[in-house]
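J.: Spelled out from the first residue to the last, the chains are:
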Amino acid sequence: MIPEFGYAASVAGLLLAVYGSAAAAVGAHTGRPKLLESSEWAATGVWVFVTGCMLLMVYAFLTFDFSVRYVAVNTNRGTPFYYRITALWGALEGSIILWTWMLALYTLIVVRKYRRRQPEFYPWVLAVMLGIAAFFLLVMTIPAPPFERLSPVPPDGRGLNPLLEDSGMITHPVALYLGFTGFTVPFAFAMAALIIGRTGDEWISITRRWTIIAWYFLSLGLLIGGWWSYHVLGWGGYWAWDPVENAAFMPWLTGTALLHSVMIQERRRMLKLWNITLIIATFGLTIFGTFLTRSGIIGSVHAFTQGSIGQFFLAFLALVLLGAFSLLAWRLDRLKAQGELDSILSRESAFLLNNLFLVAAAFTVFFGTIFPLLSEAVRGVKVSVGAPFFNLVNIPIFLALLFLMGVGPLIAWRRASADNLRRNFLKPVAAGVVAAAVLRLLGVGNALVLLCMGLVVFVTGTIVLDFFRAARARRRSGDGWRAATMGLLLHQNRRYGGFVVHLGILVVALGVAGSQAWSVQTEATIDKGQSVELAGYTVRFDGLEASEESNHGKVTGTFTVSNGGGPLTVLYPAKKFYPQEQTPIAAVDYRLGFLQDLYLVLGDFGQDGSHATIKVQVNRMVSWLWIGGLILTLGAALAILPDEKRPA
Amino acid sequence: MSPGRVLTRWLIPLAVVPLLVLLGYGFRTDPKVIPSPLIDRPAAPFTLKTFDGSPIALTALRGKVVVVNFWASWCYPACYEEAPVLERGWRAYKDRGLVMVGINIQDKEAPARKFLAQFGHTFPNAPDPAGRVSVDYGVYGVPETFFIDRDGRVRYKHVGAVTDEIFKAQAEKLLGERP
Chain B
1 MIPEFGYAAS
11 VAGLLLAVYG
21 SAAAAVGAHT
31 GRPKLLESSE
41 WAATGVWVFV
51 TGCMLLMVYA
61 FLTFDFSVRY
71 VAVNTNRGTP
81 FYYRITALWG
91 ALEGSIILWT
101 WMLALYTLIV
111 VRKYRRRQPE
121 FYPWVLAVML
131 GIAAFFLLVM
141 TIPAPPFERL
151 SPVPPDGRGL
161 NPLLEDSGMI
171 THPVALYLGF
181 TGFTVPFAFA
191 MAALIIGRTG
201 DEWISITRRW
211 TIIAWYFLSL
221 GLLIGGWWSY
231 HVLGWGGYWA
241 WDPVENAAFM
251 PWLTGTALLH
261 SVMIQERRRM
271 LKLWNITLII
281 ATFGLTIFGT
291 FLTRSGIIGS
301 VHAFTQGSIG
311 QFFLAFLALV
321 LLGAFSLLAW
331 RLDRLKAQGE
341 LDSILSRESA
351 FLLNNLFLVA
361 AAFTVFFGTI
371 FPLLSEAVRG
381 VKVSVGAPFF
391 NLVNIPIFLA
401 LLFLMGVGPL
411 IAWRRASADN
421 LRRNFLKPVA
431 AGVVAAAVLR
441 LLGVGNALVL
451 LCMGLVVFVT
461 GTIVLDFFRA
471 ARARRRSGDG
481 WRAATMGLLL
491 HQNRRYGGFV
501 VHLGILVVAL
511 GVAGSQAWSV
521 QTEATIDKGQ
531 SVELAGYTVR
541 FDGLEASEES
551 NHGKVTGTFT
561 VSNGGGPLTV
571 LYPAKKFYPQ
581 EQTPIAAVDY
591 RLGFLQDLYL
601 VLGDFGQDGS
611 HATIKVQVNR
621 MVSWLWIGGL
631 ILTLGAALAI
641 LPDEKRPA
Chain P
1 MSPGRVLTRW
11 LIPLAVVPLL
21 VLLGYGFRTD
31 PKVIPSPLID
41 RPAAPFTLKT
51 FDGSPIALTA
61 LRGKVVVVNF
71 WASWCYPACY
81 EEAPVLERGW
91 RAYKDRGLVM
101 VGINIQDKEA
111 PARKFLAQFG
121 HTFPNAPDPA
131 GRVSVDYGVY
141 GVPETFFIDR
151 DGRVRYKHVG
161 AVTDEIFKAQ
171 AEKLLGERP
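Listed in order, the protein sequences are those of chains B and P. Take 1 as the starting number for the first sequence in my numbering and just add one per residue. Take 1 as the starting number for the second sequence in my numbering and just add one per residue.
Please note that a few of the clues may not be correct.
Stated by the list, open to error - Derived BS3-like pairs (lysine-lysine); straight-line CA-CA distance at most 30 Å:
1) P:K64 with B:K576
2) B:K576 with P:K108
3) P:K64 with P:K173
4) B:K554 with P:K108
5) B:K554 with P:K49
In case anyone wonders, no lab produced these hints; they're calculated from the structure.
Please construct the entire structure, taking both the sequences and the accompanying hints into account.
T.: Below you can see the structure in the form of structure tokens.
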């Protein structure tokens, strides 16, 4: 019965969403409050039905109901308990349920929060959000029905993709989807602003925190994705410019641009058109990302479901882009800037450049990602561009962004005077140059690394300088250093939360530069008792052991690691053999450190355990990515806190 | 507003059309289709022992159209979807000189036998315990099906569940050729 209930719930949700969207729009247009009220009930109903779908699916997983195709494909009787719950988002159909559920949840929050506060925007926001929810419910009903039956009912399921049996996969999709769906709220407000013709700053100040929330979750999702890639996939890296990664990275880039450009609109009444365009692009990219990864038009290392879902997403993408840009064209006259750029040496221009570079980065990633398609359409040749292209184009852009990160927050609005520049930048620039010189003398030869580290020191200098001055100002009004610091972080949380995010990015930048430049690796086939040496570590092969786990067989190697002195640790890299997979899955083992990680991947081995091939990597400064990521998300959390009322 | 400006304005939404067209074009291509290097080459010979215990060798089948299907009992749902198709195809064409061979890979014996019993397969099925045959045929995932002509050359490779239409089209084409 579960599949029937689930299907009925998704159809009911779809009908309610369509009705609610129409009722909200008609209600707003004709000014009939009863209609609007009914659409609020519809929004609640959508959430209830989607929650029902989700619970039914979890129940089907927990009871091993293999008559549901999705359950049979994504679990088997050996799947551990937690992964039976998270298998819900282990593949396409269930992910769509999760996505729709989050969207419904955001809609519900919008209803509760804005029905009284924003009577003019609100009905249109509701209409847009329910319209988007209706699309996802349509996907759940026609091209990707999660409750599809499987007949004959198999005695056991296929099992979750083994790579997804990891704690990172429990949280990664949740964070990522909260980010993706989160951008729906500012998008809906922007559309409402165009429809009712209030194209000023209101939609921006209402949705500022929503944008940061979406950005926060998207960052978290990208970060956990990198960590998963690093400690599960066994290639020792955290980012491969795979289409799936790019799909999440592009809206992050345009979202980051938006977070900065809204400040110029608030302050100088400029960039109205640009900001609307950015939110349309960001929302469009979240849909495009899903289209890209689910339509099968671009090859990827990730396994994708195919079917008619791609056509649905493309049609929806067309509707969103054509609709949104038509609204924009219609309101073009109301999107004229009221301020203008006074000087190149100003905060406005620093922010404009920042936007230019972020959008350029998003564009190059976009171009590289769809290049195979473009090449085949134009030249009839299948070509794809890999990491070298993305690195070549993006490294200079990101270095320029680092530089602007130091300039933007401190340079004066309108026109910077020579005094302003000297006061804010002389010491940080000096610190950056000295740092780069010292590193050069210490033997760092890589010019890009020197440039990156010099820039990081420069930007850190600007942040420290600003923070120190602000804290000193607070101290004059009687606070101690501690109170002054906390006061800044909590009461000027928007500015200083942003600074904390910047610090996080700097630490991530050091991690990227260090790991790319200084990581080393070696691979060797060694007999039992023999050792392989790398970067001061000695890794001795002590034997193999086979075991049978609940849903796979496993061969575990024992490797004793020492460095100069005595034994340091014992690592157990393994190979896992899942019956449903063609190839064994490597389970890496590692010892994380602040400056370097030791990372072991077991390769081929003798059946008798006499010899094994082991890949040893010493990955430098990778931990800085996770630390920087943590700082970054803390800063974003700080910026999400409500604004302090500023004295007029 | 002048007509020119009105036109310019509507160029904004129209600017996304080329992109949408390009993406739509993507449906006409499949990035995963990389032509198999085995096509039109002689099929790698194999000798296996079927589940019934009788030997089966590809070389002995020269002059017939041979359909080789790689499958596994855990392969839900594709292998389950195509199992009845294969049996139907075999029954329809065996009298005209088609031989159907199932090769069970990466599997355990008990569930594999259960699978065969469940679908009542009457064509020969053999396990490939060392995985040699699947390596020779470059099998990446199950199911994969190879259509071999009367001269012993691989003529068509199908990845994923075979449908009645595909089976019929390939069988008719290859059976229609003179050896």
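J.: Measure nothing beyond the straight line between the CA atoms of K576 (chain B) and K108 (chain P); if it is 30 Å or shorter, mark the hint as holding.
T.: At roughly 17 Å apart (the allowed maximum being 30 Å), K108 (chain P) and K576 (chain B) satisfy the hint.
J.: Is the straight-line distance between the alpha-carbon of K64 (chain P) and that of K576 (chain B) 30 Å or less?
T.: violated (41 Å)
J.: For the pair we were handed, K64 (chain P) and K173 (chain P), check the Cα-Cα distance against 30 Å.
T.: holds (13 Å)
J.: Given the proposed pairing of K554 (chain B) with K108 (chain P), does the C-alpha separation stay at or below 30 Å?
T.: Cα-Cα ~17 Å, so holds.
J.: Assess, step by step, whether the Cα of K554 (chain B) is no farther than 30 Å from the Cα of K49 (chain P), and give holds or violated.
T.: OK: K554 (chain B) and K49 (chain P) at ~29 Å, within 30 Å.
Hint 1 from the list above is the single one not met by this structure.
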